[in-house]
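For reference, the chains in residue letters:
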Amino acid sequence: MKIYTSKVDTDSARVVVADDMFLTKDMPTAAGSKMLDGYMSLFDAEVLTRLSDKGYVLGGKADVGEFAFDLIGETSYNGAVISDGKLTTASAEILKAGEAMATLNMDVNGSTRRAAAQNGLVSIKPTYGTVSRYGTVPVACSGETVSVTSTTADSCREILDAIAGHDDKDGTSLPTASCEKVKSAPAIRRVAILTSMTKGADADVLAKLDSVKAALTANGVEVCEIDNEVIPTARVAWNILMSAELCNNVSRYDGVKYGYRAQSFSNIDELYTNSRTEAFGELLKSTILFGSETLSTDNYMKVYDKALRIRRVIVEAFAKIFESFDAILMPACSALAYTEADIKENKYLVFEENFYTAPASITGLPAVVFGGAQMVGRSFSEMALLDLAKTCEKEGK
Amino acid sequence: MRYETVIGLEVHVELATKSKIFCSCSAHSFGAEPNDHVCPACCGMPGMLPVVNRRVVDYGMKAGLMLNCHINRTTTFDKKSYYYPDLPAAYQTTQWFAPVAVNGLVEIETSKGKKNVRIKQIHMEEDAGKLVHDIREDTTHVDFNRTSVPLIEIVSQPDLSSAEEVEAYLERLKMLLRYAKVAECEMAHGTMRCDVNLSVRPEGSDKLGVRTEMKNMNSVEAIKRAIEYETARHIDALENGTEVLVQETRRWDDIKGKSFAMRTKETAGDYRYFPDPNVMPVVIDDEWFESISATLPEFPEVKKARYTEELGLGEYDADQLTKSIALCECFETAYEACGSAKDAANWMISEVMSILNARKMTYDMLDINGRALGELIVLVSSGKVGRANGKKILAAMFDDNTILPEKYAEANGFIVSNDTGLIEKTVKAAIEADPKAVSDYKSGKEKAIMSIFGKCMKELRGNCDPQVLRKILIDTINNM
Ligand SMILES: [Zn+2]
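For the record, the sequence lines run as chains F and R. Heads up, the first sequence is in numbering that gives the first Met the number 0, so the first residue is 0 and it goes up one at a time. Heads up, the second sequence is in numbering that gives the first Met the number 0, so the first residue is 0 and it goes up one at a time.
These are calculated hints, taken from the structure and not from any lab test. Do not rely on the hints blindly, as some may be mistaken.
[As the list claims (entries may be wrong)] With a straight-line cut-off of 27 Å between C-alpha atoms, the simulated DSSO-like cross-links for lysine-lysine are: (1) R:K79 <-> F:K168; (2) R:K17 <-> F:K168; (3) F:K168 <-> F:K53; (4) R:K119 <-> F:K301; (5) F:K305 <-> R:K17.
[Claimed, not checked] So these bits of chain R aren't anywhere near chain F, every CB distance computed over 10 Å: (6) K78; (7) G240; (8) R271.
[As the list claims (entries may be wrong)] Stretch-level coverage of chain F by chain R, calculated; a stretch enters the list once three of its residues show a Cβ under 8 Å from a Cβ in chain R: (9) 133 to 142; (10) 166 to 180; (11) 327 to 341.
Note that the Cβ used here is the ideal one computed from N, Cα and C, for glycine as well.
Required output: the full structure, derived from the provided sequences and hints.
Right, dumping it as C-alpha cells:
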C-alpha cells in the first residue's frame, strides 16, 4: 500500500501521494522491484519539485507493480493489493480512503487507467511531452507519461496544471508554446465510439460506456458509432515497443553500482546473471526476453521497425478520425474487476488487457478515464477532456 | 603471386567540448581524481534524461565538413546495448541509423603520390568509463570520469593499402580536425584511437579476402607494425596454408609484436540497436548549418597558397607555418600588427618555433598573444629594442601571455639608449681594462676587439644599436 509515509500535519486537501516510480531524495524508491529495494535517489522528480514549490505536500509513496507495467500492481515485490476480493492498486486505495487529494502515477502500460476505471476514479493521462519525466524510473520512454488520478475531475485539473509545462532537463519535453496549447483547446462537441475497440468488454463495462454516452448526449454532445480496423492493432505494436524499451531500460540494474547484488558469484557474468535472476520477477523476466528478441539483428526489421511503422499508421488513423470528431470513447479494460484467479490463470493477462490502453500509449494522445470508461482526445485536449468529465460527474450525481 | 592489402579504419576521436555529451559534467578529467566528474546521468542512474549538448553536434558537423562529408540535416541517436562494468547504463548512446555526416573524402599524400580515401560516415557517440585493476587487492575499480565524454567515430571505406598510407591518413585526419579545433587527436593521450580492418587478396582481384579487425594499438608506430605483421600473417596463410583465416577481432600485442585472436566472448554479441526514444531527432536547419560552415578554417593547402602568393613568403616558410592552426593564427595576427609578413614569418620560424621545440611543446600548444608578437617585431625592427632583448621579451611572453612588449621593455631597461656619452664612457672603461686586445687589434687582428664589444654590450644591457657601438669602439681605439 502506502509504503513510505511522510509525517504531515496538513489536511488532505493539499496532500498528494506519488507512485513509487517517482524518485525522491528523502524516501527510498523501489519501483516495486526487489532490485531497487532501499534505493535512495540523489534527486527529486521534477513534478514533485513543482508540487512542493506550489505548496503541495508529498504525503508518501504508493507501491506499484514491478516497474509499473503490469496489469494492476500485482507484481510488486511486496505482493498484490487486494480489496473486497479484487485486485487494485495502492494509489487507488489511498484515494478511496481520502488520504490524498490526488495521486501521481506513471502510466507505463495502462494499469493506472484500469485501476481508475474499476474504482470509479478520474485519471488523466496528458499529451506526451507536456509533463516532465525527469526523475521518473524509466521503463517505456516513448509512450509513458506522468498521469494524475483523483476522485474528481477538478482535483486532476488542479494538479495537472501545477506540474505541466516545459522542462529543460527532459529532452522530450515540448516547448512552452506547445504546452500552452492545452489552455486553448476547443470544447468537445462530437464524440465517436469505436465499435472495434469495445470488443471483449463484458456487460458491466458496456453498461458504463452506455451511461457515459447518455451523460454526454444529455449535455448536448453528439455521440456516433464508427469503426476502424487500424487502431485495434496498437496493442501488438505497443507490446513490442514497450518490451524492447523496458529490456533496455532495466539493463542498468546489473548489481554492479547499486541495487540488489547476489551473494554468490565467481565472475562478472555470474554477478550480472545471479543478481538479476534473484531480484527480478517472472513477468519482468519474460518481458525482458521478449523485448530483447524484438531487437536482435534478425528481428529488428521484421518486428521492431514494423512496430514503429504501425505506430505512424495508428497516429494517422487517429488524425483522420479527429477530422470529424473531437474525441473517441472506448473502454479502459474488459472487466470492472480482476481477481487473483485471473492472474493465476494467465500471468500475461496484461498483454491482452492493454488492448484498450495501448492506442493512447503508443500515440502519446491524452486520455481521461471517468465513469468507468475512457476517452481519448486530440493532442493538447486534456483540459477539455477533464471539462467533459466534470460535466458528466454532475450528471451522475 | 603478388598480393595487395586492403585496409579500412575506424578512428575514434574525442571531441574537445567543455562538457559531456548528455550532461553538464566536465569532459576533461586529465589529472582529476577518479569519479570526480560524474553525475547521476553519466553514472546511468534511473530518472536522468539525456539532453544533447549542442556543441557536440557543432563539432560533429565541423568534422564532417572538414572531411568533405554530406551532413545529414536530421540526425538521430540510437542505443547500443551490451554489458560491461565500464558502461553504467548497459547501453551506449551512439548513431546507427542516421549519423551526422556521410560520404566524405580525404586526400592523402605518400611517396607514391596523392590518393583519395573515401569516408563512409562519421557518427557521434558517448565514451565508456575506465576499469582500473588493482593487482595488490585483486579487485577492479571503475572510473566514470570518461563516461559520456563525446566522441566521433570516423569510418573509412577500405581504400588504404599500406602502413604508409594509413600513417598519412591518420596524420591528415589529425591535421584537419585540429585546424577545425574540434579535437586534440593525440594517440598518446587516448584522444585518438584506431581499429584496423585488414584483408589481403591477389593483386588485381576485385574480391575481398577474409577480414580481421585489430584493436589495442596505442601509437601510429604500433599501427604500422600491426599492419605489417597482419599482412604477412594473411599472405602466409594464403600461400602456405599455415592456418585458416577467419573473420575475427584480434588484439595487437606491441611488446610481443604479434596479434592474437580475442576470445569470442569478448567480441560476439548482438548490440540490439534501436532509436533512443529520449533523444529527439536533431534537426540542423539552414541557419545552424550556415553558422557552422562560416566558422570553418581555410584548409592547410589554401592557407599555404595564400601565404606564398599573396604574402610573398617562401615555400619553406609557408610549409612550416601551416603545420598547425595555432602557428597560422599567431602568424596572421602578428603580421596584421606589424605590417610585415616576412618579419612575422621570420620571428615565428626562427624564434617562436625554436622556443616551442626547446620547451618540448607541440605547435598546437602555442599560447602567446599574436598582437603582442607583432608589437615586439616593430620594437626590434625600428631599433627601439635590441634583438637579443627582443628574444628575452618573447620568452617572457611564453610564460605570461598578458605581457605588453613595450611596457615590459621599459620596466626591464630594454629600451635602446641614444646616449652616446654613456656609450663612450663604457667603451673607454672597457678599453682600459683590456689593453692586450687593443694592441692585438692594432697589430692587425681585427677579431680581437670582439671581446671588448661583447663586454660593452653586456655593460649596456644590450640597449644600444650595435652599429653605433661598433663605430664608437673603432673610432676610440683609432684615436688612441
Ligand atoms: Zn554527468
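Provide an ascending list of the numbers of those earlier hints which the structure does not satisfy.
The structure breaks hints 5, 6, 8 and 11; every other hint is satisfied.
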